[in-house]
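> The sequence shown finishes on residue 714 if you use the working numbering, and the numbering steps up by one all the way, no holes.
Misleading hints may appear alongside valid ones.
[Stated by the list, open to error] Pair ranges (Cβ atoms, derived):
#1 Leu474 x Ser163: 40 to 48 Å
#2 Asn377 x Thr497: 48 to 56 Å
#3 Glu397 x Gly206: 16 to 24 Å
#4 Ala423 x Asp503: 26 to 34 Å
#5 Glu680 x Glu110: 55 to 63 Å
#6 Glu397 x Lys208: 50 to 58 Å
#7 Arg711 x Ala423: 41 to 49 Å
#8 Arg711 x Ala665: 17 to 25 Å
#9 Arg711 x Glu210: 19 to 27 Å
[Claimed, not checked] Quick list of in silico lysine-lysine cross-link-like pairs, DSS-like style, CA-CA up to 30 Å:
#10 Lys208 x Lys273
#11 Lys305 x Lys177
#12 Lys208 x Lys305
#13 Lys498 x Lys457
#14 Lys587 x Lys446
#15 Lys681 x Lys520
#16 Lys224 x Lys208
#17 Lys535 x Lys573
#18 Lys457 x Lys435
#19 Lys305 x Lys224
#20 Lys520 x Lys402
#21 Lys357 x Lys691
#22 Lys520 x Lys587
#23 Lys358 x Lys373
#24 Lys357 x Lys576
#25 Lys576 x Lys536
#26 Lys101 x Lys168
#27 Lys124 x Lys208
#28 Lys498 x Lys536
#29 Lys168 x Lys114
#30 Lys576 x Lys358
#31 Lys127 x Lys168
#32 Lys245 x Lys224
#33 Lys435 x Lys533
#34 Lys367 x Lys528
#35 Lys458 x Lys528
#36 Lys273 x Lys289
Derived by calculation from the structure, the hints in this document are not laboratory data. The beta-carbon is built from N, C-alpha and C at its ideal position, and this holds for glycine as well.
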Amino acid sequence: MTGTKKFIIDFDSTFTKVEALDILGEISLKDDPSKEEKLKSIKDITDQGMEGKLTFRESLIQRVEILNANKDQISELISVLMKKVSDSFTRNKEFLLENREDIYIISNGFKDFVVPIVTSFGIKPENVFANEFEYDESGKITGFNKKNPLSQNNGKPDTIKRLNLSGDIYVIGDGYTDYEIKASGVANKFYAFTENIHRPSVSSKADHIAPSLDEILYVNKLNKKFSYPKSRINVLLLENVHPIGVELMKAEGYNVEVISSALSEDELAEKIKKVSVLGIRSKTQVTKKVLENANRLISIGAFCIGTNQIDLETCQEKGIAVFNAPFSNTRSVVELAIAEIIFLMRGMVDKTTSMHQGKWDKSANGSFEIRGKKLGIIGYGNIGSQLSVLAENMGLNVYYYDVIERLALGNATKVDSLDELLESCDVISLHVDGRKENDLLIDKEKIAKMKKGAYLINLSRGHVVDVAALREALTSGHLAGAGIDVFPKEPKNNSEPFESELKGLPNTILTPHIGGSTLEAQQNIAQFVPGKIIEYINTGNTYNSVNFPNIQLPFLHDAHRLIHIHLNEPGIMARINKILADYDINIVGQYLKTNEKIGYVITDIDKAYSSKVIDELKAINGTIRFRVLY
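Using the sequences and the accompanying hints, generate a full structural model.
Below is the structure:
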């Protein structure tokens, strides 16, 4: 890049996420009784200066006077700022180091803290221009060097003019003083950097709004690490995904939009057109119609266990990898099941309702211990098996039925048929997945086979139980109670009313699909699912994908990685390799996995490639999607 493009980068709120003088104020004023008032004044003065409402010289004088800081506090400030470097600068440290000759930091901040931060990223100290504090004999900051051009109005343009730089000059910053560089005619372009703060008055004057450094490198064709800028990956998160998940996606550099509720099919079909990554929970239906509009979609994250709300087959056909969280909320669901077993067998639902109505009904009628009772678990997967262990520890005798052969844990007993389980157990707890075969698994006939006075718990899927038949069994007294957390039709958000035939029935617990809704579970899910999606985008790893062949690979260094998703047809690998051989490209490593529908090939090559190679690989008959990672 040497000699062609020079990058002028601001420090406060650009290279770092914060305004350094604001942080210094936190440190120097920590014991000041007027701390909050003074900190607010510093911030207000900073904003006025950045937006051009106050001259820079005046804003600097006012802030330094309020700070009342000393030299010893600068080292503490540096320690804090080291942890506050902007995420996209941290991601692109290699670029900063490789192009250190052409990168300049020109800041209205102070060399005392700017130099230690930026030089740790490879920036040359002689390429750093900033203000300088003045100290008295005791080390107290008394002011700043007023002869330094950067302490004066229009200081940045004047500094650049003195450098007499050759080539194109691009400015990256978030403040009005950065715009002034372009306005003065000494820079070719001004990029308004909005990763940390968006100032509309500044962005409106920019040549390009840059949500991250990735975006700037991409438009200038300088990004060697990723073939596509993370700032152009649009993420849509629905249904109140936990803030941890939101922050992880933002920290990766993606554009993230959050909507608290589910969307209808038509709404999502329209919204999905510009989305690269979709995050949902259980209410959003990702149908074939929605996916037909999803031409940019790379991956879907189900922030829950189930994926039956997603058309996985169409996702395969379009090369969209789907990830879920199969283990993250297991404990939460199990604890709710245990709680409901106890509540139902003690008649707690009716008793607490009566108490709220002023009725005192002290009686042991219909109230039982759970010890020694038979618990029947339908579905012995992650949740069912863990419920088995906890229930046995509480004294229940555990029996289970599953269509898949599963090893019994503890003293649990596997039964050979669903009917046998229903006929013999005091409590039936459902923990099956959402496949079509489970639709109305517990219908009128099956409910009739249950022991008279038994209890039914459904924390799995709403369509598994015939609600009308369950109502009839509860009203007739055939069943003594039920705990239902999932329903065939559920409100899209908390504003919609809940309607069900089960409302008002005796000894019936109704909960709004909260089996996995604990803070612990949502945090676990919010960390797990974004991690898998980010890993897939960055490395091509598909481990834990529910619809792609699973491949797990390390991040690749000093090579290029090509991802080819295709229909599972013979000969495609040979065609890929022939094209690479025709262009004399050596393969460092190659990995292929298939399932019944698609093949997934990762090829690592050790040399640069031409666009013709990519065009030919994309043109292979049967190709679904092709990606170049780096």
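> Against the earlier hints, flag every one the structure doesn't satisfy and list their numbers going up.
3, 9, 19, 21, 25, 27, 32
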